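J.: Protein chains in written order, with full-length UniProt numbering: chain D, 1 to 467; chain F, 1 to 467; chain A, 1 to 467.
If you are wondering where the hints come from, they were derived from the structure by calculation, not from laboratory data.
Heads up, some of the hints might be wrong.
The list makes no distinction among identical chains, and a pair is therefore deemed to hold if it is satisfied within one copy or across any two copies.
Said to hold, decoys possible - Cut-off 25 Å, straight-line C-alpha distance, at most; resulting in silico cross-link-like pairs (DSS-like, lysine-lysine):
(1) 323 / 338
(2) 96 / 323
(3) 143 / 96
Model, not experiment: these values are computed from the prediction.
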Amino acid sequence: MMSKPLQLHEDRLLPADPGIRSIARALYAEVAGLPIISPHGHTDPEWFAENQPFGNATELLLHPDHYLFRMLYSQGIALERLGIGQSDADPRESWKLLAENYHLFRGTPSRIWLDWVFAEAFGFEVTLDASTADLYFDTITEKLQQADFRPRALFDRYGLEVLATTESPLDTLEHHAKIRDSDWNGRVITAYRPDPVVDPEFEGFADNLARFGEITGEDTMSWSGYLAAHRNRREFFARSGATSTDHGHPTAATANLSPAEAQSLFDRVKKGGASASDAELFRGQMLTEMAAMSLEDGLVMQIHPGSFRNHNLQLFEQFGRDKGADIPTRTDYVQALKPLLDRFGNNADLSIILFTLDESSYARELAPLAGHYPCLKLGPAWWFHDSPEGMRRFRLMTTETAGFYNTVGFNDDTRAFLSIPARHDVARRIDCGFLAQLVAEHRLEDWEAAELARDLAYNLAKKAYRL
Amino acid sequence: MMSKPLQLHEDRLLPADPGIRSIARALYAEVAGLPIISPHGHTDPEWFAENQPFGNATELLLHPDHYLFRMLYSQGIALERLGIGQSDADPRESWKLLAENYHLFRGTPSRIWLDWVFAEAFGFEVTLDASTADLYFDTITEKLQQADFRPRALFDRYGLEVLATTESPLDTLEHHAKIRDSDWNGRVITAYRPDPVVDPEFEGFADNLARFGEITGEDTMSWSGYLAAHRNRREFFARSGATSTDHGHPTAATANLSPAEAQSLFDRVKKGGASASDAELFRGQMLTEMAAMSLEDGLVMQIHPGSFRNHNLQLFEQFGRDKGADIPTRTDYVQALKPLLDRFGNNADLSIILFTLDESSYARELAPLAGHYPCLKLGPAWWFHDSPEGMRRFRLMTTETAGFYNTVGFNDDTRAFLSIPARHDVARRIDCGFLAQLVAEHRLEDWEAAELARDLAYNLAKKAYRL
Amino acid sequence: MMSKPLQLHEDRLLPADPGIRSIARALYAEVAGLPIISPHGHTDPEWFAENQPFGNATELLLHPDHYLFRMLYSQGIALERLGIGQSDADPRESWKLLAENYHLFRGTPSRIWLDWVFAEAFGFEVTLDASTADLYFDTITEKLQQADFRPRALFDRYGLEVLATTESPLDTLEHHAKIRDSDWNGRVITAYRPDPVVDPEFEGFADNLARFGEITGEDTMSWSGYLAAHRNRREFFARSGATSTDHGHPTAATANLSPAEAQSLFDRVKKGGASASDAELFRGQMLTEMAAMSLEDGLVMQIHPGSFRNHNLQLFEQFGRDKGADIPTRTDYVQALKPLLDRFGNNADLSIILFTLDESSYARELAPLAGHYPCLKLGPAWWFHDSPEGMRRFRLMTTETAGFYNTVGFNDDTRAFLSIPARHDVARRIDCGFLAQLVAEHRLEDWEAAELARDLAYNLAKKAYRL
């Protein structure tokens, strides 16, 4: 097998029609170099606090990327062989498995992101396959020892203006403190993700509540103390740079209980072992409580519903969370959000960003909701839909009802650090292609498209996340 | 800020590919000037009965158009400032708010319709923005005083062959009578929309029933008298020109109760305060009763389900119905329509036109149903989906299973009078583009596309609505 | 009326953009002539066992094709006039009804398949319409008497490498035996479709169980005997060439009961008259049992859920099953498959091919499931979605998450024999068009697209079905 040349075409992902492409190319040229606003993601702040070199190709690119190992697993490759879990697999051997099976990723966004990383970040000129696996592993691993491949250098090299991570209220945020106290100017902020102390079905919920009390000095066994602990911790997060909260619930259900009902519910769930319906109701009530606090402290709310987490029971028991076995489910917003919206929906000072894994809700529910309620905006195509076709469908199905200005630009939502610039580049190309089509069909003037291209690539994210 | 030139491009909304566009252009040229059949809408018949001038730009274009004020509201602009509700806002100031925020409508159909009105109806050559707000307001308001901008003149100017409005059974239809008795030849007909006396959850349902009895001279407190009142009123509507009925239910549920069960249900709901399940069952039973009456009197049935009306509680309490806060919901047809279809589904003399706000039902449920049952046809892309991409998705997802001849042409469904020709023009362009693509891919011959273009633009609506 | 020329354009169904088309044309040229793998369908094995001539145009093309008569029926043409059911309609008159109404099929796949059959198989050079109805009927009926239009000759002429039919466990497979024992080399295999003895709501279920016992010599009134009968019969099918089983359930529900619970459930359903919930549970349990047996005997499982069978009650009572009145329903996979997946999901030796009639599940559920679980693959766009746009949506909505290699190539799933080569040709053209677009947008290299085109047209089906 002869490996083939690897080259990123300058027109990649732009529409194929020559007329539309030339419009798209002009739009893209004006936004390609804009700084990156990354307001939602899951990179590890310790990378930037400690600025230690990444270990090797497998640790950098395969282990943190569940998109990669889920696909390999789907074709019968055991996770242990990929070094996932308590595995002592040789990283080079794991890398070879990726290389030999790289054809599985044809047509997927992972392939686009990886090729960008290979060509752009590491300068490869041949494709990854079985014959180049060692070359790749050695080259990447070697470069990672160089100063200009350390986390902070890569952050600066790729023009990240701001990068948000996501932390639990139980986190000390010590890495963020260290970053702020350092002489490096990179802006790495946190986001308040209270699932471990808000979701009664989260592993160790009761223990988490106890720890929440210790950290905040509040009586988290009482409803009022518990709420005070949130206020306390949100303030700490905001002082550490956070401008948003993040809520990863199974559904978008909200509730609007009376204080007495809420207290009684809290008393039922606080010791663990809550019923499924109490757990769902409590999560829903907490979204409304979080909205109330957002009106006080100005943090933007993000709601990420609709994932059936850890669907694969055996895998969860053996390997734990976040191993590529989360599966989207049908998600209702119209009934689910009503309790919260009945209370706060008309308040333009509140900002709630909605995401979905159920594309059937784009045109039917989300665009009509965001095109009416002052407090609602739409997050970008998320997770499995963070892809060229996913982004196109998002624009095609939301724009006509919600417009562009009820959307918030792009989120990468990744723990694979080097894919961040690759992902933002994909989003900019797809959005410019979408705008170019509107111009080509005389539905938008070229000067409007140019304004919009900058808004979608940069301004909207900055404004929506109050950055 | 310098305002930009406004010009409607002759190829707007046609596919961008030069080969497809030239086919589409030829198809469109043959249908662009066909008369307009508008078989379903919500304009005010008083306009045509009295033929008084429209007041000013804001009254003509902003106040009747919930697409416009919902978008402005979504960005935090209070409805009072737009003159909605019991507001004494200066119409010029409301107009300025629209002008300053006109960029919000980029990529939306509202923008397309408005630009058509601005350029085509009022002759503007610069775009609407903050700097031209006064020019627009003054010019429009002034022109509206001219004879050729009165309702009947505009009706004639834009080639409306027939325009249907929608009235409650409680309506006197006096405006329609006045139109018929006048020396003007415009055909403005009504449609029978019985929701106020069919939906136990409609505001004032019990009072409506009483009034229904007074108008018809039937005992509407008995089930048989209630049905007789419908027959009576349907006949009156038909004599006043109606060829259709219209049913705007929350779901598509139908029922097929025995006469005894139906009577007992009626007795439970007739005094108001019906349970949610009784209300739903009664609406469902009434769809089946309406189908039975349609077989007697020949009125075509339209079913418009799936909107969660007045989702925004505070807004409803302050401003009332139809303020842009209706949100689509997931809608089932397969189970829901079965009771009605079990009774009448195989009767080719019955004609039921189905609409949806849930596009996931197009290919999965609606096209298979309409492609089988003789009594079913599909209404066009509706409401939020009455848009270029919405129309494309409708054709893409229904044609392969239902064909073109189980659809009924275009409905504008609007209360914004001047958008009617603009909307029909959009539909004709999009359908011609769709047909052109089929020709370009050699899936249809050009002579077939030419026939179909006329059918979709004119013939199918006329035939389906028995006009 | 003058009939028009009929000609299959060599570029039909390829993308219209000249750049993409030329890439697609090159890809298609390499796969157009590959042998046909038809791993799932419903042709009659007797045709190939007896090799008798097909009767006439109507018997060959109209009677076995519910796509055709459902459309004619939807426009008010009685099934009796088409010769469906106990009708003595003159086949020539039925054919004329098809001819006169051939315009109804514009934009549908039926039209594409039929035109292929007319032009390619029978050499017509004018289109079918009222004026050519007799010419068509006579020519086709005459040719069918020729030796080269007998079933085996057509099988060979169109390059079928393997054709699978579908039989009930109660079938003797005598036709398959006769084919194997003949001197003809065509490979016609069966597939195990146990619905009549697995679905307690199937007509004659209790009688079927009794017959199942007679055929297998097992005590099918006991749970263990019933399972043994399946093992017995699966082995017989496998020896007769079957490589797969097929399960056409209303939903995708699976269950994982304890042996005692399963036995008790079996005892409740075995005599007929099962409750709806017991019937559903039993079907679900049997999917899991079938998976267990597949791990023993290596048969590939196909799950075809989501059709509301015989939705039209009157039609079912008068004409029976499969008369074009099956309607798709919303279908859940995430919850439904979990019991089976909890037990066998991580076993890479098991192969389950999932189909859907609910396209909203492609990107949301099916691609994420198949892109993770080793035992799952995705079947092609099915039934109403076996169409150019249906196939495009399938690739657009599954590829980015599941890739190409978790799909299984094309199935024709038809009882209309001559449409088989037509359908495979459509699939090859659409897939090549899809790949060409990826190449044109620089998301795939041309050498990869060439590999993929062969995989999608031939290799994947052969591998997935273990042929």
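J.: For the identical chains here, do residue 143 and residue 96 meet the 25 Å Cα criterion within one copy, between copies, both, or neither?
T.: Result: close within a single copy only, 18 Å intra versus 58 Å inter.
J.: If the cut is 25 Å between Cα atoms, do residue 323 and residue 338 qualify within a copy, between copies, both or neither?
T.: between (33 Å within a copy, 17 Å between copies)
J.: State whether the alpha carbon distance between residue 96 and residue 323 is at most 25 Å within one copy, between copies, both, or neither.
T.: within (20 Å within a copy, 53 Å between copies)
The earlier numbered hints are all upheld by this structure, with none contradicted.
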